[in-house]
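Residues per chain, in single letters:
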Amino acid sequence: MIKEKKIALVNAGKYNPESIDEYLALGGYNKVKKALQKNPVDIIDLLIDAKLRGRGGAGFPTGLKNKFTNESVCERCVQKYIVCNADEGEPGTFKDRVIMEQDPHVLIEGLIIAAFAIGATKGYIYVRGEYTKSIQMLQVALQQAKEKGFLGENMLNTGFDLDIEIKLGAGSYLCGEELTLLESLEGKRGYPRIKPPFPAEKGLFGMPTLINNVETFAHLPYIIEHGAEHYKSMGTEKSPGTKIFTISGDVNKPGYYETPMGVTLRSLIDDLAGGMKDNKKFKAAILGGAAGTFVDETVLDTSMGFDTLKEKGAVLGSGAIIVMSEERSIFDMTYSILEFFKHESCGKCVPCRIGTAQLMIMMDKAKENSTIKSQVLDQLIYEADYMAKNSLCPLGQSPILPLKSLKKYFHHQF
Amino acid sequence: MDKSALISDFEPTNDNMLNILHRLQNNNPNNYLTTEDLNLVAEYLNTTYSSVYGVAKYYSMFSLKPRSKNIIRICKSPVCHMISGKSLIEIIENVLDIKMGGTTSDMLFTLEPSECLGHCAQAPVMMINDKMYTDLNEDKIKEILEKIRNNNPTKKLS
Amino acid sequence: MSKLVNIIIDGKKLKGPEGANLLQVAKDNGIKIPSLCYHKKLSPTGACRLCVVKIKDVNGLVMSCTVAVKDGMEITAFDNELEETRKHTLDYLLAEHNEHADGTYSDEFRDWITHYKLDNPKNRKYPSFFKDLDYKLDDSSPVLTYDATKCIKCFRCIKACDEVQGKNVLSFSERGITSYIIAGFDQWNESECDGCGECVQLCPTGALVEKPHRDKIQLEKMEKKVKTTCPYCGVGCQIELLVQNGKIVRSNGVEGVWPNDGRLCVKGRFGYDYVHSPERLTTPLIKKNGKFEEAGWDEALDLIARKFTEIKEKYGNDALAGYASAKCTNEDNYLFQKFIRMVFGTNNIDYCTRLCHASTVTAMLKSIGDGAGSNSIQDFATTDCLFVTGNNMIETHPVTATYVKNGIYAGKKLIVCDPKWTPLVKYADIWIQPRLGTDIALLNGMIRVIIKEDLIDEEFIRKRVDGGLDAFEELKQLVEKYTPEKTEEITSVPKEKMMAAARMYATSETSMIATGMGMSQQVTGTNNVFSLINMMLITGQIGKERAGIDPPRGQNNVQGATDVGCSPIIYPGYIPVTDEENRKRIAKLWNVDYENLSAKPGLTTVEIMHAAYDDKIKGLFIMGENPMVTDPDLNHTEQALKKMDFLVVQDIFHTETTPFADVILPASSFAEKDGTFVNSDRRVLRVRKAVEMPGEAEEDWKIIVKIAEQMGYDIGNYQNASEIFDEIAQAAPMMAGISYDRIEYEGIQWPCPTKDHPGTDTLFLDKFNTPNGKAILNPVEHVPQTEKTSKAFPFIMNSGRILYHYHTATMSRKNKALTDFANESYVLMNTGDVVKYDFKDGQKVKVTSKQGVLETTLRASDHVAVGELFMPWHYSESPVNRLTRSDLDPFSKIAAFKLTACKVEKV
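Residue numbers (numbering that gives the first Met the number 0), protein chains in the order written: chain C, 0 to 413; chain Y, 0 to 157; chain F, 0 to 906.
Think of the hints as simulated: they come from the structure by calculation, not from any bench. Where hints are given, some of them may not hold.
Here are some of the chain C residues that sit facing chain Y, going by a computed Cβ distance under 8 angstroms [as the list claims (entries may be wrong)]: (1) G58; (2) D162; (3) G170; (4) G248; (5) G254; (6) M332; (7) K341; (8) H342; (9) E343.
Derived pair list, reagent style EDC-like, types lysine to aspartate or glutamate, alpha-carbon separation capped at 20 angstroms [what the hints assert, rightly or not]: (10) C:K388 - F:E83; (11) F:K55 - F:D118; (12) C:K341 - Y:E142.
What follows is a set of in silico ranges between Cβ atoms, one per label pair, in the way DEER data are often shown [as the list claims (entries may be wrong)]: (13) F:D725 - C:V72: 30 to 40 angstroms; (14) C:K194 - F:E83: 52 to 62 angstroms; (15) C:V77 - F:P783: 38 to 48 angstroms; (16) F:K790 - C:Q142: 21 to 31 angstroms; (17) C:E70 - F:T75: 56 to 66 angstroms; (18) C:K252 - Y:E42: 29 to 39 angstroms; (19) C:Q142 - F:K480: 46 to 56 angstroms; (20) F:H99 - C:N368: 26 to 36 angstroms; (21) C:N15 - F:G59: 46 to 56 angstroms.
Just so it is clear, CB atoms sit at the ideal spot from N, CA and C, and this is done for glycine as well.
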């Protein structure tokens with residue numbers, strides 16, 4: 000029987016998020032105090048040692064990202080930036096919202112620690128426009144943190160300055176992609192930039208920038224407090240620490256659950272999410288959201304980690320788990336996913352702009368004429384494969400994920 | 000009407016574009032951005048017209064056409080779609096007697112589709128202005144809409 | 000310059016600069032990797048995905064336009080998988096594309112489709128669905144059409160507008176597959192689009208196409224494409240004229256050559272229709288009984304010769320004068336001044352430059368020895384600080400302004416000094432708005448700040464300024480009284496701004512000055528420019544690259560006409576008329592007796608008019624000038640012209656001046672002859688014949704030769720324009736090394752003293768062109784303007800140009816594309832004044848000065864300061880110069896066009 004283990008959510012629900020005093024009473028901002036006494040390079044080494052990986056979906060080693068940004072120097076680089084990606088848009092994902100609504104201060108602490116590590120004196124939290132409560136909580140928390148001297152000039156008399164602002168998104172999934180987020184933050188249409196250069200070298204306003212997901216930042220205070228070894232003692236070797244899994248769909252207790260990495264899907268569904276709803280039979284789970292993968296019951300006992308799932312042709316992604324019971328239609332779900340991509344495509348690159356439209360044309364044909372459904376899957380995969388190899392950004396590179404997993408696990412069901 | 004006071008707390012830098020557009024749209028009883036608004040932003044940020052217009056047209060939360068007092072954004076992303084099926088959208092369309100994208104004749108409700116609103120554990124979900132409504136079903140929807148109607152007694156029932 | 004590294008593409012060993020764009024390096028080496036969204040003038044986009052390649056040790060497919068070349072890279076550009084992928088991409092594009100082609104545009108997309116045999120529908124896999132997408136057509140612009148059904152969304156137009164022209168007018172609307180290009184709020188003609196057409200030139204498909212003549216153009220039927228130089232302003236853009244059925248139907252910018260690298264403004268791109276206007280003069284016209292009658296050349300030439308000879312014999316050589324033309328070629332102008340000196344025997348030759356940069360040139364010649372810009376156009380983008388004063392650059396020198404904008408986006412600084420708001424102010428770090436006529440006080444104030452804060456370049460002063468620190472001391476004493484407070488009092492510029500500007504200019508690594516009419520066209524014009532030069536010299540901001548002073552020249556060949564000697568005080572090559580040795584040399588070159596060349600300096604442009612009014616000038620030969628719009632105090636000018644015994648006007652159209660002529664001769668436009676112009680950065684540029692002259696019109700230089708012949712003089716037997724230029728090269732030492740064969744591809748900047756000299760981009764690197772090689776300081780005092788406001792005349796009128804028209808608009812108003820943008824006179828008045836004097840925006844008003852009166856429309860505007868007015872002077876129905884006065888600057892003899900006391904009344 001697995002149990003929750005909380006790092007990002009350690010204080011969530013334990014205090015009134017609109018009262019910093021309550022947070023302080025829980026030992027809040029002690030990690031910031033501790034971090035600001037250290038050498039920035041030591042903090043980075045600590046993160047590298049802890050093998051913390053990004054929790055937004057890509058799983059890139061956070062320590063390395065910090066290192067690159069810290070080391071980035073150039074003549075015209077007058078300022079470094081830290082950006083929090085709170086544009087949570089992956090269907091099935093709502094973990095960041097929970098952190099921001101219930102414990103905004105852990106995010107602020109994480110931001111301060113990371114900003115200090117890389118030498119950034121200006122930070123932005125890019126929150127999707129629909130998350131009104133999160134925005135409200137963050138606004139209050141930032142204000143109060145500033146009043147207490149945890150933000151602003153010469154924080155805690157260490158000579159370090161950091162100012163954090165909230166910037167709103169306005170209804171674009173793609174703006175949750177790093178490089179597109181930067182464009183949106185600069186006040187423009189959400190088109191992804193070509194990389195290289197990477198944000199560590201040339202990010203916001205052309206300056207070295209560190210961008211990480213809300214949940215990733217929320218892990219930093221813990222690591223500062225307890226050290227790398229302790230952190231690595233949880234989870235798996237390649238994916239240490241914990242993860243907030245957001246489980247929705249045909250389960251009895253849909254919701255958010257933070258556990259060590261490496262737990263099985265079965266244990267998540269049965270032990271934490273209350274098992275299948277109305278005792279229905281498990282058909283499929285979509286792991287990682289729309290840019291995710293279908294898995295069948297053969298994956299129920301696989302360890303949920305970045306690499307362990309990859310071996311099974313699945314992705315961990317944002318940690319979204321959408322559970323489908325035997326009554327649900329794989330075809331309908333696929334239709335919905337592909338429609339989502341078409342709606343969110345920015346239109347910049349040819350493979351994705353036209354590819355996502357082509358995929359829908361094929362799905363519409365298959366919807367009208369179910370006899371061709373099985374052939375259509377191969378056609379879809381062919382197009383999605385071309386899109387994956389040629390698209391400019393992860394959106395165009397995503398449809399192949401669910402489609403390929405369908406072929407592997409559900410082609411007869413399509 | 001001089002709306003520049005509404006946005007004067009923002010630095011006139013381009014990175015405040017979205018924040019400023021939200022502020023102006025939210026202050027409009029018809030929840031949209033007028034041509035004067037776009038002109039104001041272009042002048043305030045010292046930028047070109049298309050830089051403002053192009054942004055307003057890219058992001059799905061902005062509208063350049065007048066909408067109602069209550070913007071209903073119903074989630075049609077995979078999870079809500081699976082849990083509710085298309086039926087909930089049809090239900091709202093029937094109750095309000097409009098099609099997706101339309102506005103009721105009494106200018107009380109506009110129905111718009113939305114992608115994932117991040118409350119998947121309580122699907123199906125919709126937002127009305129900045130309030131989230133979860134665990135929806137036909138009865139609940141009717142109740143919510145009726146309540147809003149009743150809070151606007153001068154508006155005739157459709 | 001980055002070092003060259005070795006790479007291999009498909010087994011071929013190549014070299015390329017380290018860090019360069021891989022796609023470009025491949026192209027430069029003849030490997031044509033398919034691409035559509037890439038263009039060498041723009042930053043890479045990565046939208047079309049055609050340039051896909053494989054790189055050894057790199058996973059997956061890579062877009063070569065996003066790759067920086069590194070030593071040892073091994074690239075596969077063409078293999079089966081890559082070609083199939085490209086086909087797939089093109090096939091995708093076809094699905095959203097309207098393939099209907101009308102032959103009016105070149106289509107890179109279509110070329111690739113054909114290359115991959117996708118023009119055959121059997122080879123395609125995807126059904127076309129563009130019709131379902133309901134794409135729009137925006138036909139509202141006067142000069143172009145945007146058809147979204149043909150758009151491949153490559154971003155080239157947006158980037159062209161942003162990165163090349165610095166205008167940011169375009170964007171996409173909507174998202175995903177329904178995206179399309181918009182200008183402004185999705186209505187092209189109501190956006191900021193000024194019709195420069197950079198987007199059209201860079202569009203790879205038929206999405207953006209020029210409107211004019213589109214119903215007639217068939218690119219396949221194009222007779223010829225002729226490269227030549229734009230006839231409008233002094234930037235000297237290289238254009239390529241497309242000729243079909245003997246008519247010019249399109250003008251494109253020529254890429255890859257200086258000065259414009261393919262950039263144009265609306266006039267250069269769409270202002271060629273006047274060449275074929277039915278109003279062109281086609282026969283000589285002789286005034287008989289007050290009316291003009293058509294005549295043959297023989298009759299006209301005979302009459303002219305007789306009359307001029309009569310005047311010469313009766314009143315003497317100096318009773319004759321000539322106006323050369325800033326629009327005509329160097330060859331035309333050189334022969335004109337040769338004619339005036341040889342045949343008329345006088346130095347009374349001048350032209351509209353006297354009305355324009357005379358002060359600038361006079362001051363520059365005196366202090367640094369050269370009256371032409373010291374730098375080159377590309378320096379406008381790379382200098383660290385640009386100080387623009389009295390120059391509405393974005394409207395008057397649009398392409399130069401694009402380089403300025405490029406620099407600003409790269410972080411360079413801009414200071415704008417102008418009493419009136421101009422579009423350049425939007426980009427400025429500091430805008431100084433002094434009261435009209437207070438420039439010397441402002442500059443002396445700035446000089447004082449620079450001295451007091453020890454921002455001078457002492458070494459430069461000691462080594463390169465005549466009189467060194469002693470001369471500097473004189474300047475220092477003079478500016479002492481121009482304290483920040485005093486300066487603010489005189490100029491009304493807040494002292495903090497003035498000081499900030501002074502510091503910025505002085506402390507930048509390199510600073511350049513661009514000075515225009517605002518400084519030159521005043522009675523203190525020469526002194527204004529002296530004080531600019533003083534500031535430049537004490538800070539050492541000249542005599543090194545990217546630093547100096549660059550007056551953007553107005554006309555397409557105003558620089559050249561003086562270079563080849565159309566001046567009362569200098570011969571070709573800027574050698575004074577009074578220089579005996581030179582006159583001897585020229586006499587030998589011209590094969591005349593040296594005694595017959597007058598040593599007496601002649602009269603300047605306005606002096607000639609004054610002299611005509613005083614019955615001293617009896618005969619005048621005008622080539623391509625329109626004094627009845629350009630000269631100050633038009634009422635007076637009109638009287639002067641009427642008094643003349645004999646007036647010949649040689650032009651391509653009837654103008655406001657031709658009614659006063661005794662004989663009108665039909666001449667050639669720029670598109671109908673070979674020749675050269677010299678632009679603002681001293682570049683000698685080719686002009687080439689593209690179409691035939693209408694009717695019996697003749698080339699200007701040939702007319703001059705014939706008149707000379709008729710008067711009994713042989714001023715040269717030239718087979719073609721090239722031979723004339725060869726003689727110019729002998730007369731003007733700074734052009735000695737230039738000849739047509741050397742400027743076939745790209746112009747050369749003088750000084751170019753020998754045949755193997757490459758030309759000079761920056762002047763004064765070693766020494767100044769003064770007798771001792773050092774620059775001269777000329778401390779000057781501010782003097783309050785004599786033109787003051789009074790109760791009767793409470794406003795000061797400023798005048799200037801706008802983007803869409805050119806000077807007297809004899810050419811520009813004959814193009815529909817330009818008149819669609821603007822065609823109406825107006826006067827700008829400060830909104831506060833409009834209220835104060837109880838006017839209404841848009842109302843008809845009468846504007847009066849001591850000199851004259853006109854009617855126009857009032858426009859309320861915050862672009863002008865309180866108490867000041869502005870009128871564009873292009874519209875002869877409301878001729879601004881009826882109001883202006885002919886008070887002259889004592890040194891440059893320029894009139895004070897920029898300040899006239901006026902009153903405004905309702906009509």
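Practice task
Determine whether the Cβ-Cβ distance between K252 (chain C) and E42 (chain Y) falls within the hinted range of 29 to 39 angstroms.
Solution key: 53 angstroms, violated
Problem - Per-residue hint verdict: E343 (chain C), partner chain Y, C-beta under 8 angstroms - result: 7 angstroms, holds
Problem - E83 (chain F) and K194 (chain C) - C-beta distance against the hinted 52 to 62 angstroms - result: Violated - the Cβ-Cβ distance for K194 (chain C) and E83 (chain F), about 25 angstroms, lies outside 52 to 62 angstroms.
Handout entry: 20 angstroms Cα cutoff - pair K388 (chain C), E83 (chain F)
Key = Holds, because 13 angstroms separates the two Cα atoms, which is no more than 20 angstroms.
Handout entry: Hint check for Q142 (chain C) and K790 (chain F) - Cβ pair distance inside 21 to 31 angstroms
Key = 59 angstroms, violated
Practice task
Using the beta carbons of V77 (chain C) and P783 (chain F), state whether their distance is inside 38 to 48 angstroms or not.
Solution key: Check passed, 45 angstroms falls within 38 to 48 angstroms.
Exercise for the section: Kindly confirm whether 46 to 56 angstroms is satisfied by the beta carbon distance between Q142 (chain C) and K480 (chain F). Expected result: Holds, since Q142 (chain C) and K480 (chain F) (Cβ atoms, about 54 angstroms apart) stay within the stated range.
Exercise for the section: Grab the minimum C-beta distance from K341 (chain C) to chain Y and call the hint holds if it beats 8 angstroms, violated otherwise. Expected result: For K341 (chain C), the interface hint is violated, since the closest Cβ of chain Y sits about 11 angstroms away, which is over 8 angstroms.
Handout entry: Restraint check, 8 angstroms cut-off on beta carbons, for G170 (chain C) near chain Y
Key = Hint holds; G170 (chain C) Cβ to chain Y Cβ min 4 angstroms, cut 8 angstroms.
Practice task
With chain Y as the partner, please determine if G248 (chain C) meets the hint condition of a C-beta pair closer than 8 angstroms.
Solution key: 6 angstroms, holds
Handout entry: Per-residue hint verdict: H342 (chain C), partner chain Y, C-beta under 8 angstroms
Key = 7 angstroms, holds
Exercise for the section: Take a quick look at whether K341 (chain C) and E142 (chain Y) sit within 20 angstroms of each other, Cα to Cα. Expected result: It is violated: about 33 angstroms lies between the C-alpha atoms, which goes past 20 angstroms.
The earlier numbered hints that this structure contradicts are 1, 2, 7, 11, 12, 13, 14, 16, 17, 18.
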